[in-house]
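Peer 1: Heads up: the protein sequence lines correspond to chains A and B, in order. Using the numbering used here, you'd call the opening residue of the first sequence number 1 and step up by one each time. Using the numbering used here, you'd call the opening residue of the second sequence number 1 and step up by one each time.
A couple of the hints might just be wrong.
[Stated by the list, open to error] Examples of chain B residues lying across from chain A (beta carbon under 10 angstroms, computed):
id, residue
1, 17
2, 56
3, 169
4, 170
5, 172
6, 181
7, 183
8, 272
[Unchecked claim] Partial list, derived from the structure: chain A residues whose beta carbon lies under 7 angstroms from chain B:
id, residue
9, 57
10, 102
11, 133
12, 178
Calculated from the structure, these hints are not laboratory results. Built from N, CA and C at the ideal position, the CB exists for glycine as well.
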Amino acid sequence: MSAEPGPLEAALRARRSRGGKALVPYLTGGLGDWQAGLAAAADAGADAIEVGIPFSDPVMDGPVIQQANDRALAGGITPLAVLDALGRLDIGVPLAVMTYYNIAFRFGLERFASVLAEQGVAAAILPDLPLEEAGPWTEAADAAGVETVLLAAPTASDERLGRICARTRGFVYGVGLLGVTGERDELASSAVVMAGRLKQVTDVPVLVGVGVGTPEQAQEVCRVADGAVVGSAVVRRMLGDGGPAAVGDLVGQFRLALD
Amino acid sequence: MTMAEPVGGRFGDFGGRFVPETLVPACEQLEAAFRSAWADESFRGELNQLLADYAGRPSPLTECHRLSEELGLRLLLKREDLNHTGSHKINNVLGQALLAVRMGKARLVAETGAGQHGVATATAAALLGLECVVYMGEVDMERQALNVFRMQLLGAEVRSALSGSRTLKDAINEAMRDWVATVESSHYCLGSVMGPHPYPWMVRELHRVIGDEAREQCRALMGRDPDVVTACVGGGSNAIGIFSGFVEGDAALVGVEPAGGAAIGRGVPGVVHGSKSFLMQDEHGQVLEAESISAGLDYPGIGPEHSHLAAIGRARYETVTDDEVVAAFELLSRTEGIIPALEPAHALAWVSRARQELAGQSVLLNLSGRGDKDVDQMMDRLVADGSASGDDGQSE
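Let's have the full structure, built from the sequences with the hints guiding it.
Peer 2: In structure tokens form, the structure reads like this:
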């Protein structure tokens, strides 16, 4: 365990020590007026925000985020354009980029890590980079002071969960169900189980995402988890007519449910 | 050099296991199950029995006398087109389907490009009483409508991949998403020597029979290995299969990629679909869409072992254009009475172009599939522009 938690972990621990539950919405970089969407989410009470850097082949994502990726890429967004914009943004909450490993690999791992740090991005989440492959990236990220959030899935043994939690920084991202991102009618029973198993093995903040799409579902999982990540439900607002204002409304409803 | 089990899932700098965390335990389970099955004589015996009695192995080696004379070299074809279901794909799926049964998984998920792997998987599922779902790009479903119907006849469900370029790469994305959700009950029957470890290794081992048979057949016919061994490469399973019989000898190994899907010819290292390998991508890391006349080679990546063989100089990789492929398709049909699939027609297109370099040499070409599935498409192309060979001076 490194000495000082980074800004993402510090913010999530602060929320927890106040007796609260953390709320981390996700938005796709380059999709519509996404920067206004980020500001609206921060104003509505997000503790941190995940920003997707679109990738052509997002295998961990369901239809909504796929569509957001396709639309943003068709609009000409590039990884560097997303990061440049984040560097100019001042919305008062830590930011984590979420993208796929090839984006960082093509960029050059050390360069990607240093650009994240230069642009004030606290953390990175790479859902196709499991523990065994993460070494070269985490080395570069650690050196640049970027937190690497690892995912933990229901299929892992307790022993594996322990190793993931020992290596993650910022928080541990519990995958709430067997499946890709997207809203479901009900919270999967695996979400609460996942949170409980992770809480057993770590003191790092435990957030659960994938299949958490309504304030009620967030509330339910946060009976055990330290917080929730909400992706497709937020992105769907950006894809629709509501735009940033609808994102603000939705994040506000989640905040209310968790407080 | 040898083709041993890759250490840590790596072929030199390539390979690995870059998958969502959800799938890591399943990949580990599969690796252990395959290693144990492959060392188990009863499993090998059961597979060999199916390969012989059901798939029709060994496949013959055919010497092409007329075409050899025309090209000025000695051309030998390994006849994987004569296998049940019409291509080499059956070798791999019979092995994986038996393995699925051994692991207690009752459902197969597969991707398909041209439909050959999908048909083979649906066939193995029918044979062993497994449920089968095949993902296929929407564009490919139109190009290969007959194979869609074949899969349905065999009892499989064919689902269209509607995202991205709507071809093979997107079908793989959809199959992986399915597997993420169904990993406890499903086996992902991946169709090439790509994807996360153990697939590139396991699929190679299941196709090794091609190279092992061909080596014995060449030695029986010529008393030695051929000078050149060539095969088409999309993901690269038929090529790895035949290369594996000759990699330890002196034969030159030549993989042939379509110009519009040349991962080694036009790519740089990248990570997609579970492994690090050469990949056609833009400067930002977005994967490019391959474009080829052949749906089966319409893939921007390549199996990691091919990247390794290219990096160490043991194999070389050439590209051919769609027009050269069409000419080769007609050439083999006309001179030898064998209508090839468009995929292996790529390898023949290279042989035909390189005939001077290859003059007097013996060339073993893996004829990985038969052309029935492509006849419609070729009829549109050749009859429409009035250029069908052997038709000169006659009206259509």
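Peer 1: Now, for every hint given, state plainly whether the structure supports it.
Peer 2: Against the structure, the hints come out as follows:
| no. | hint | verdict |
| --- | --- | --- |
| 1 | 17 | holds, 6 angstroms |
| 2 | 56 | violated, 36 angstroms |
| 3 | 169 | holds, 7 angstroms |
| 4 | 170 | holds, 8 angstroms |
| 5 | 172 | holds, 8 angstroms |
| 6 | 181 | holds, 4 angstroms |
| 7 | 183 | holds, 6 angstroms |
| 8 | 272 | holds, 6 angstroms |
| 9 | 57 | holds, 5 angstroms |
| 10 | 102 | holds, 5 angstroms |
| 11 | 133 | holds, 6 angstroms |
| 12 | 178 | holds, 5 angstroms |
Consistency note: the structure conflicts with earlier hint 2 alone.
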